[in-house]
Amino acid sequence: MTEPTEEHKNTILRRLTDEEAKEEADRLTDEEVKTVIEEGRKTLEALEASDNSRAIRSSKLRFS
Amino acid sequence: MSDGLQFLEFEGSSALADEFGERSADYLEIYLRDLGVTSIALEGHYIDRHYLDEFANYYSKSFSVPEAHCRRFHFFSQCSQEELEQAFLDATSGSDKMEPALETLQKLYLGFIVQRPLEAARVGRTVLKTYPDDGRRFYKACRRYDVHIAGLKLSVEGLAFQHQDRGAAVCASTALWSALQRVAFAAGRKTATPHAITRAACSPYPASDGLRNPEMATALSKLGYIADFFEPEAFGNSATFRALLVASLDSGLPVVLSVSTEEGAGHAVTLTGYAEPPGTGQVPLPLLCDPLEMASAQLKVVYVHDDNLGPHAHYELLDGRDGELVLQRGDASSPRPPSWRVDRCGVFAGLVPKPAKLRMPIPDLLKNVAFFTPSWTFVFGTELRLHYKCRFATGVEVKQQLLRNVDADPDQRQWFLLNCSLPRHVGVLSAITDQTPLCEVVIDVTEVDRAPGTPSVLGLLAVGVESKTTPGIRLSRIAKLLGVPIVHKRAS
Chain A
1 MTEPTEEHKN TILRRLTDEE AKEEADRLTD EEVKTVIEEG RKTLEALEAS DNSRAIRSSK
61 LRFS
Chain B
65 MSDGLQFLEF EGSSALADEF GERSADYLEI YLRDLGVTSI ALEGHYIDRH YLDEFANYYS
125 KSFSVPEAHC RRFHFFSQCS QEELEQAFLD ATSGSDKMEP ALETLQKLYL GFIVQRPLEA
185 ARVGRTVLKT YPDDGRRFYK ACRRYDVHIA GLKLSVEGLA FQHQDRGAAV CASTALWSAL
245 QRVAFAAGRK TATPHAITRA ACSPYPASDG LRNPEMATAL SKLGYIADFF EPEAFGNSAT
305 FRALLVASLD SGLPVVLSVS TEEGAGHAVT LTGYAEPPGT GQVPLPLLCD PLEMASAQLK
365 VVYVHDDNLG PHAHYELLDG RDGELVLQRG DASSPRPPSW RVDRCGVFAG LVPKPAKLRM
425 PIPDLLKNVA FFTPSWTFVF GTELRLHYKC RFATGVEVKQ QLLRNVDADP DQRQWFLLNC
485 SLPRHVGVLS AITDQTPLCE VVIDVTEVDR APGTPSVLGL LAVGVESKTT PGIRLSRIAK
545 LLGVPIVHKR AS
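Residue numbers (the working numbering), protein chains in the order written: chain A, 1 to 64; chain B, 65 to 556.
Incorrect hints may appear among the rest.
Here are some, though not all, of the chain B residues that point toward chain A, as calculated from beta-carbon distances under 8 Å [said to hold, decoys possible]: (1) Ser-144; (2) Val-234; (3) Ser-272; (4) Arg-276; (5) Ala-332; (6) Leu-351; (7) Phe-435; (8) Pro-516; (9) Gly-517; (10) Ser-520; (11) Ile-542; (12) Leu-545.
Pairs of lysine-lysine, PhoX-like flavour, derived with a Cα cap of 25 Å [claimed, not checked]: (13) Lys-9/A to Lys-22/A; (14) Lys-532/B to Lys-34/A; (15) Lys-9/A to Lys-532/B; (16) Lys-171/B to Lys-193/B; (17) Lys-453/B to Lys-42/A; (18) Lys-22/A to Lys-544/B; (19) Lys-421/B to Lys-254/B; (20) Lys-204/B to Lys-34/A; (21) Lys-364/B to Lys-193/B; (22) Lys-161/B to Lys-217/B; (23) Lys-286/B to Lys-421/B; (24) Lys-204/B to Lys-193/B; (25) Lys-22/A to Lys-532/B; (26) Lys-544/B to Lys-463/B; (27) Lys-254/B to Lys-204/B; (28) Lys-42/A to Lys-544/B; (29) Lys-193/B to Lys-254/B; (30) Lys-544/B to Lys-532/B; (31) Lys-453/B to Lys-9/A; (32) Lys-364/B to Lys-453/B; (33) Lys-364/B to Lys-421/B; (34) Lys-171/B to Lys-204/B; (35) Lys-171/B to Lys-161/B; (36) Lys-463/B to Lys-204/B.
I should point out that these hints are in silico values taken from the structure, not numbers from a laboratory.
Quick caveat, the model's predicted, so the values are computed rather than measured.
Even glycine gets a Cβ: it sits at the ideal position worked out from N, Cα and C.
All chains should be modelled from the sequences, with the hints used to inform the complete structure.
In structure tokens, the structure reads:
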């Protein structure tokens with residue numbers, strides 16, 4: 001993937017006209033956004049369930 | 065020896081060796097000269113609370129009892145011995161020269177070293193300024209120390225360091241003591257002394273035997289803190305461990321790193337800061353989840369209190385031959401001092417003292433970043449090459465930073481400040497492109513998630529994104545569905 005140019009950034013973060021903003025807001029459905037949030041939730045649940053990083057291994061060594 | 069304040073020229077490592085022993089003299093000379101040291105004010109009779117506790121509980125019961133008091137050396141830059149003395153005379157004169165003289169002393173003040181009356185461990189509590197950050201060194205785990213001399217108040221930003229004395233405490237207790245200097249200060253408490261830390265560890269063996277990791281964690285618990293703990297081996301890669309070190313340090317939490325020296329001995333040091341990593345890298349996640357792009361994955365240079373060498377020493381994290389994580393003690397291309405033998409130690413674990421209410425484990429910050437990456441991809445697309453950061457902060461800091469942020473939408477900012485309650489401790493998850501922060505998510509970290517898989521989101525601070533942009537509109541919708549406020553960038 002190539003590095004984004006300043007032009008890329010400006011395009012993505014471009015301020016919309018009032019009409020464009022209304023169209024974008026109307027086009028966006030709650031279902032679409034809920035799906036994305038749900039995807040994150042499943043990832044987090046899976047990571048929480050699989051976490052085995054808490055077992056202390058180095059319990060016998062003394063540090064002095 | 066006079067107990068009154070004396071003024072001396074700084075004479076370099078031979079004088080330091082005479083006062084503090086050979087062990088750190090060369091390193092301290094280089095460090096102090098880099099800070100521009102020229103002169104010293106010496107308090108001949110100083111009572112140091114931390115040494116006094118060691119004296120009361122250990123040394124006073126010895127056959128040959130040392131002195132109960134210490135001496136304290138204060139270091140100044142850009143002024144000769146005579147000029148320093150005159151500045152102190154002016155600052156204590158009661159005339160209109162007082163204020164300007166005090167300002168001058170503050171400007172030139174580099175910190176102090178307490179000299180303990182222990183032949184083999186004369187370097188007591190030491191707080192010296194760090195090197196300038198120059199935009200590339202990060203010392204968020206340091207704090208302000210108020211120093212009182214001759215009725216005057218000076219301050220220095222740093223983190224206390226000292227040599228282990230091997231009687232009341234060895235490297236593990238001393239490393240914990242340094243780390244707690246910051247955490248206790250943030251919690252509004254006094255730092256426990258090295259002796260108190262050793263005692264709280266409840267080890268049945270002499271202090272000189274050292275402490276195991278569970279004993280160090282026990283000490284923290286008994287002193288009223290939480291011990292967070294993570295090991296490189298648990299993740300199967302070094303990038304995750306590096307990311308957790310940076311998350312800790314960015315949270316103002318020093319890390320006690322337990323290592324194994326080339327001789328196979330266990331040793332503990334305290335990480336106080338780090339240098340900006342050279343770029344971003346990937347922090348792998350288990351279960352085939354997409355990795356997180358984070359600069360912290362490339363962490364290399366760390367600044368370390370190591371009582372074998374000195375305070376804020378330049379050390380490096382390297383990947384060893386067998387995939388293990390290695391702490392190289394020094395810069396191999398330019399050791400400081402030149403006489404220091406740069407060696408490599410295997411890294412066992414990081415132990416992080418945290419305030420008791422900061423209940424979320426540090427590795428969970430990364431998991432919460434993973435929760436939001438689908439949202440950020442949805443909001444910004446894949447062309448912006450986002451990378452991420454995560455840290456703990458206080459609710460007060462978040463609001464203060466927002467208040468000072470002139471780029472924030474003023475109405476949304478005001479509403480957030482006046483209407484949103486934040487807990488004492490929060491997590492801040494940041495999405496960044498290049499060096500520009502786009503959006504921060506603020507989450508509650510004072511409780512373990514009540515609803516598994518769902519972070520306790522408190523707000524979205526999208527101060528890199530205007531509201532009337534495609535990403536701004538999408539972020540607004542996400543905030544609405546999460547039921548949290550949002551602050552956008554002000555319209556330009």
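Verification of the hints:
1. At a threshold of 8 Å, the smallest CB-CB gap from Ser-144/B to chain A is about 43 Å, leaving the interface hint violated.
2. For Val-234/B, the interface hint holds, the least distance from its beta-carbon to any beta-carbon of chain A being 4 Å, beneath 8 Å.
3. For Ser-272/B, the interface hint holds, since its Cβ comes within 8 Å of a Cβ in chain A; the closest pair sits about 7 Å apart.
4. About 5 Å separates the beta-carbon of Arg-276/B from the nearest beta-carbon of chain A, less than 8 Å, and the hint is met.
5. For Ala-332/B, the suggested interface contact is upheld, since its CB lies about 4 Å from the closest CB of chain A, less than 8 Å.
6. Annotation: interface hint on Leu-351/B holds; nearest CB of chain A at approximately 5 Å, less than 8 Å.
7. The criterion of a C-beta within 8 Å of any C-beta in chain A is met by Phe-435/B, whose closest approach is roughly 4 Å, and the hint holds.
8. Hint status for Pro-516/B relative to chain A: holds, with the closest Cβ pair at about 6 Å, below 8 Å.
9. Hint status for Gly-517/B relative to chain A: holds, with the closest Cβ pair at about 3 Å, below 8 Å.
10. Of the supplied interface hints, the one on Ser-520/B is violated, with its beta-carbon coming no nearer than about 12 Å to a beta-carbon of chain A, more than 8 Å.
11. Here the hint on Ile-542/B is kept, as its CB sits about 6 Å from the closest CB of chain A, short of 8 Å.
12. Below 8 Å, beta-carbon pairs count as interface contacts, and Leu-545/B has one with chain A at about 6 Å; its hint therefore holds.
13. Using a Cα cut-off of 25 Å, the hinted pair Lys-9/A and Lys-22/A holds, with the two alpha carbons roughly 22 Å apart.
14. A C-alpha spacing of about 21 Å is found between Lys-532/B and Lys-34/A, which places the hinted pair at or below 25 Å, so the restraint holds.
15. For the hint linking Lys-9/A to Lys-532/B, the alpha-carbon distance of about 15 Å falls within 25 Å, and the restraint holds.
16. Between Lys-171/B and Lys-193/B the alpha-carbon distance is near 12 Å, which keeps this suggested pair within the 25 Å criterion.
17. Between Lys-453/B and Lys-42/A the alpha-carbon distance is near 21 Å, which keeps this suggested pair within the 25 Å criterion.
18. Between Lys-22/A and Lys-544/B the CA atoms are separated by roughly 16 Å; this keeps the pair inside 25 Å, and the hint holds.
19. Note on Lys-421/B and Lys-254/B: the hinted pairing holds, with a Cα-Cα distance of about 17 Å set against a maximum of 25 Å.
20. Our distance criterion of 25 Å between C-alpha atoms is broken by Lys-204/B and Lys-34/A, whose separation comes to about 37 Å.
21. For the proposed pair Lys-364/B and Lys-193/B, the alpha carbon gap of about 22 Å is at most 25 Å, so the pair holds.
22. A distance of roughly 16 Å separates the Cα atoms of Lys-161/B and Lys-217/B; the hinted pair therefore holds under the 25 Å criterion.
23. The straight-line distance between the Cα atoms of Lys-286/B and Lys-421/B is roughly 15 Å, inside the 25 Å bound, and the hint therefore holds.
24. With a C-alpha separation of about 13 Å, the suggested pairing of Lys-204/B with Lys-193/B holds against the 25 Å cut-off.
25. Proximity of Lys-22/A to Lys-532/B is assessed by CA-CA distance (about 9 Å); at most 25 Å being required, the pair is judged to hold.
26. With a C-alpha separation of about 21 Å, the suggested pairing of Lys-544/B with Lys-463/B holds against the 25 Å cut-off.
27. With a CA separation close to 19 Å, the supplied pair Lys-254/B and Lys-204/B stays within the 25 Å bound.
28. As the CA atoms of Lys-42/A and Lys-544/B are separated by approximately 20 Å, the hinted pair is consistent with the 25 Å bound.
29. Restraint check for Lys-193/B and Lys-254/B: satisfied, since their Cα atoms lie roughly 21 Å apart, inside the 25 Å limit.
30. Using a Cα cut-off of 25 Å, the hinted pair Lys-544/B and Lys-532/B holds, with the two alpha carbons roughly 16 Å apart.
31. Of the pairs offered as hints, the one joining Lys-453/B and Lys-9/A holds, with about 20 Å between alpha carbons and a cut-off of 25 Å not exceeded.
32. Restraint check: the Cα-Cα separation between Lys-364/B and Lys-453/B comes to about 16 Å, which is no more than 25 Å; the hinted pair holds.
33. For the given pair, Lys-364/B sits about 31 Å from Lys-421/B by alpha-carbon distance, which is inconsistent with the 25 Å threshold.
34. Restraint check for Lys-171/B and Lys-204/B: satisfied, since their Cα atoms lie roughly 21 Å apart, inside the 25 Å limit.
35. Distance check on the hinted pair: Lys-171/B and Lys-161/B sit about 16 Å apart at the alpha-carbon level, within 25 Å; holds.
36. The suggested pairing of Lys-463/B with Lys-204/B holds, with an alpha-carbon distance near 18 Å, which does not exceed 25 Å.
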